[in-house]
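S.K.: So the sequence lines, in the order shown, correspond to chains A and B. Everything in the first sequence is counted per our numbering, starting at 1 for the first residue and increasing by one. Everything in the second sequence is counted per our numbering, starting at 1 for the first residue and increasing by one.
No wet-lab data here; the hints were simulated from the structure. The beta carbon of each residue, even a glycine, is placed where N, CA and C say it ideally should be. Check before you lean on any hint, since a few could be wrong.
As the list claims (entries may be wrong) - Ranges between beta-carbon positions, derived for each pair:
1. A:Arg-252 x B:Gln-486: 32 to 42 Å
2. B:Pro-469 x A:Ala-349: 30 to 40 Å
3. A:Trp-109 x B:Asp-331: 43 to 53 Å
4. A:Gln-486 x B:Asp-39: 16 to 26 Å
5. A:Ala-349 x B:Gln-486: 48 to 58 Å
6. B:Gly-95 x A:Trp-109: 15 to 25 Å
7. A:Ser-370 x B:Glu-173: 23 to 33 Å
8. A:Asp-482 x B:Asn-461: 34 to 44 Å
9. A:Arg-484 x B:Asp-39: 34 to 44 Å
10. B:Glu-173 x A:Glu-40: 38 to 48 Å
11. B:Gln-486 x A:Thr-76: 29 to 39 Å
12. A:Asp-57 x B:Glu-473: 38 to 48 Å
13. B:Ala-16 x A:Val-481: 22 to 32 Å
14. B:Asp-57 x A:Arg-219: 53 to 63 Å
There are 2 protein chains.
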Amino acid sequence: MSTDAPATTDAAGTPADRLTAVLAASAASARPLAATGPDERAALLDAIAGTLDAHADELVHIARDETHLPEPRLRTELRRTTFQARLLADRLRQGLLTDVRVDHADPDWPMGPRPDLRRTTVPLGPVLVFAASNFPFAFSVAGGDTASALAAGCPVVVKAHPGHPRLSRRTAELLDAALSGAPAGTFGLIEGVEQGATAVRDPRIRAVAFTGSLRAGRRLFDLACARDEPIPFYGELGSTNPVVVTPDAWRRRAAAVADGLATSFTLGSGQFCTKPGVVLVPDAAALIAALPAVTSGPMLTPELTDGFHAALADLTATPGIEVALRGEPTDAGVPAPVVLRTDAATVLADPDILERECFGPATLLVEYASTTEVHDMVAALRGHLTATVQAGSDDDALALALVPLLAEHAGRVLWNDWPTGVTVSDAQHHGGPYPASTAPATTSVGTAAVARFLRPVAFQNVPDGALPPELRERAPGPRLVDGRPQP
Amino acid sequence: MSTDAPATTDAAGTPADRLTAVLAASAASARPLAATGPDERAALLDAIAGTLDAHADELVHIARDETHLPEPRLRTELRRTTFQARLLADRLRQGLLTDVRVDHADPDWPMGPRPDLRRTTVPLGPVLVFAASNFPFAFSVAGGDTASALAAGCPVVVKAHPGHPRLSRRTAELLDAALSGAPAGTFGLIEGVEQGATAVRDPRIRAVAFTGSLRAGRRLFDLACARDEPIPFYGELGSTNPVVVTPDAWRRRAAAVADGLATSFTLGSGQFCTKPGVVLVPDAAALIAALPAVTSGPMLTPELTDGFHAALADLTATPGIEVALRGEPTDAGVPAPVVLRTDAATVLADPDILERECFGPATLLVEYASTTEVHDMVAALRGHLTATVQAGSDDDALALALVPLLAEHAGRVLWNDWPTGVTVSDAQHHGGPYPASTAPATTSVGTAAVARFLRPVAFQNVPDGALPPELRERAPGPRLVDGRPQP
């Protein structure tokens, strides 16, 4: 979105005053927070999860008012959010979030005598998190980036999303309460577009995490790169999450494909960064005929509704793209779900069509006439969060060939599944080549996300007692010792 | 350095023609190279090491002519370079270079049923490596970045350093021969400042690795960030590698400190990125008196000699900084080693003094009068590759307090050791906060360096036979399975 609502003035004064106070407190908390051990950080994450769960009714009520999302979805999302914090707490206690390596001194090391060298990670320092509109819990104030940064030992400054200001403030109050045992300044909330941009440029901020539009995200990325001291910018800036339906899939699983697509592209009114927005199909007319009735609820904000209509208008103004199906609006002012249709020739003449994200309940079917066209379109893809193949059987030759090719353009590859619904686990990867992520080696979901806020440090010849605890000779936990993994 | 020698025209035509051909071949090789398995890549690295070792006499001879570095140092450096390739080959075979994670489907996963999800890494694609002048083997054509990128499965384009053009071309020929079994285009060499900058902007290049000056590196970093599709830029841009000598160290280990410093700051004529350039000492006069006679050989290039004199002149023009000791030049035109001296008050009034790298045989002693001054100077540090404490005993309270504080500003912290001489191992970390590295989560030395050229991909619900081999159910090798490390 291009504009925020004006930030309110609260007890701490103007938004600018608040920003000054939050940044100072955040910087002051960095060292004491870095000095906490994994058990202490785990306790903080558990406290956050417990506090949010204890206030679930209140939070879901505010969220429903502000976002128009249905209550069951909000309860599921809050459960996911607190689960995420608890999973990171578990992994901290298991010693799984740091890649500990120990190389003992070795006079016979082939390149010459090796000193004792031990590697762990340290937190980067204050992290600025830009909350997203579409997941008011999971990608907002107490969302994945906040939990990951705290697990890493970094103070967090969240720039609230103006789509749910009351929820943001109430969540922040609850975080403050849950973090009462942590160093003052461990968490802070700021509001306002200008304050966010100012914070990106502030030397006390050491990393930025952002989920949102390409336009807003790229602007902030550019600010982060242009600093006297550039900092890591973890931006998730857009994805159309291409799906390929093979001819064999269409022969064997037409109903499953049609039902799955209808559910997936309208889930959350299409306001998922993993919404399948482009679907390569062998027979568009048949798929359209097979689609069940689609419906969609209100969008999160008027700005998103306007953006959806504008993106749709842009797409339908493109020669060769037409509206194939328009669902029923559930209510006045609520966008109807839309299925667009084009063909491979149109797309191959202008492959940018594959990248035009239409954030809301719309998807574009692209009919292909040959396997060659499928391969050519896949080769033309840029970076995406996900790419999906709908296969016939496990012997589907086209589907098998596509798996490694889709992996060239996406952070997650799915087989006979749908990309919406992102589980939180150790093997999850939510990222991908630009613009899916500005940092394609990192993920914003799952336990590997913590690495975004850590930096390795090697300790050479340091006496055991002066080492960080996890590096000491008798420390428990998994580590790589002299090239051998120790579980 | 600010200028390259004009690139020569060779059989492939002008440097611009060569660039065009190299980039096209590199892009064409990306997919077949990505499809190779770890054993195949290990064989390529072993072939490179074997070929370079077999031509050691010839290569060292050329290197000595072009760089003026002494033969024993060059032989050691070449041995390190081939060791590095072989160590990566070993680790590839052990499955240690990819963080494999497997989460089996779990209907009872607390946030909701979990699909089968498996995570591995894929290569980024063609990597552009800017060779450094100061390590004509270890950080040049066949150096660490080249070996790491090949281990990751990425084609490599090296922009040769003009300080050793014949060595660069001959090394490239030997790489071509060693890589005869690899896809055509797996390796390519380009020359010329303009060609390098053009390649950074080329969409076929997917990552850049650079070791050199802050000025040249920042310019290229800015180009990489400004691309339509920004790419990771791994730049090592400078470090003064601060050393703190505690009062207790000076009381107990004065001779060892003086001897160690004299050796370390003049090693390789001070042309090491880990040269100790700033030394905080309790008694500068006593240290100067205790220093053994220091000498230094010729520098690598006339440009570096000029740069050294200019940086020295800058420092000595700063009020409060004086030349305390000037060694004997070994030859006409060879810079004499220089020890500069100032005090903590001068530095605390202008902490930028701590960051002014003087690439060559010089070091700056900063005399402090109190522990408070030490802490204040350490707090004022920016980012460095290394930071060292020279301690008295293992009970030295100041030294113990400094270890975690120095870790806030450096990628490697040393205790009673010297930063020059960077071992290649699993626990090594050669990086640090900006400007030591533009990507402080990554290293340019050691086996963890391979991660710079990899990107994770998760596979959801993909049949076993369609998975990358390392993700299959019965694949050998270390992995994290359902949250439990399997060695």
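S.K.: Each hint: holds or not?
M.R.: Right, here's what the structure says about each hint:
1. The beta-carbon spacing between Arg-252 (chain A) and Gln-486 (chain B), approximately 36 Å, falls within the hinted interval of 32 to 42 Å.
2. Between Pro-469 (chain B) and Ala-349 (chain A) the beta carbon distance is about 38 Å. The supplied range of 30 to 40 Å therefore holds.
3. About 35 Å separates the C-beta atoms of Trp-109 (chain A) and Asp-331 (chain B), a value inconsistent with the hinted range of 43 to 53 Å.
4. Between Gln-486 (chain A) and Asp-39 (chain B) the CB atoms are about 25 Å apart, so this pair conforms to the stated range of 16 to 26 Å.
5. Remark: the range hint 48 to 58 Å for Ala-349 (chain A) to Gln-486 (chain B) is upheld by a beta-carbon distance near 49 Å.
6. At roughly 22 Å, the beta-carbon separation of Gly-95 (chain B) and Trp-109 (chain A) lies within the given 15 to 25 Å, and the hint holds.
7. One distance hint, 23 to 33 Å for the beta-carbon pair Ser-370 (chain A) and Glu-173 (chain B), is violated here, with the actual separation near 43 Å.
8. Checked against the hint of 34 to 44 Å, the C-beta distance between Asp-482 (chain A) and Asn-461 (chain B) comes to roughly 38 Å, which is consistent with it.
9. Under the hint 34 to 44 Å, the C-beta atoms of Arg-484 (chain A) and Asp-39 (chain B), about 20 Å apart, miss the expected range.
10. Glu-173 (chain B) and Glu-40 (chain A) have their C-beta atoms about 57 Å apart, which leaves the hinted 38 to 48 Å range violated.
11. The given range of 29 to 39 Å is respected by Gln-486 (chain B) and Thr-76 (chain A), whose C-beta atoms sit roughly 32 Å from each other.
12. Our hint of 38 to 48 Å for Asp-57 (chain A) and Glu-473 (chain B) holds, since their Cβ atoms are close to 43 Å apart.
13. For the pair Ala-16 (chain B) and Val-481 (chain A), the beta carbons lie near 50 Å from each other, so the given range of 22 to 32 Å is not met.
14. Restraint check, Asp-57 (chain B) to Arg-219 (chain A): a C-beta distance of roughly 56 Å satisfies the suggested window 53 to 63 Å.
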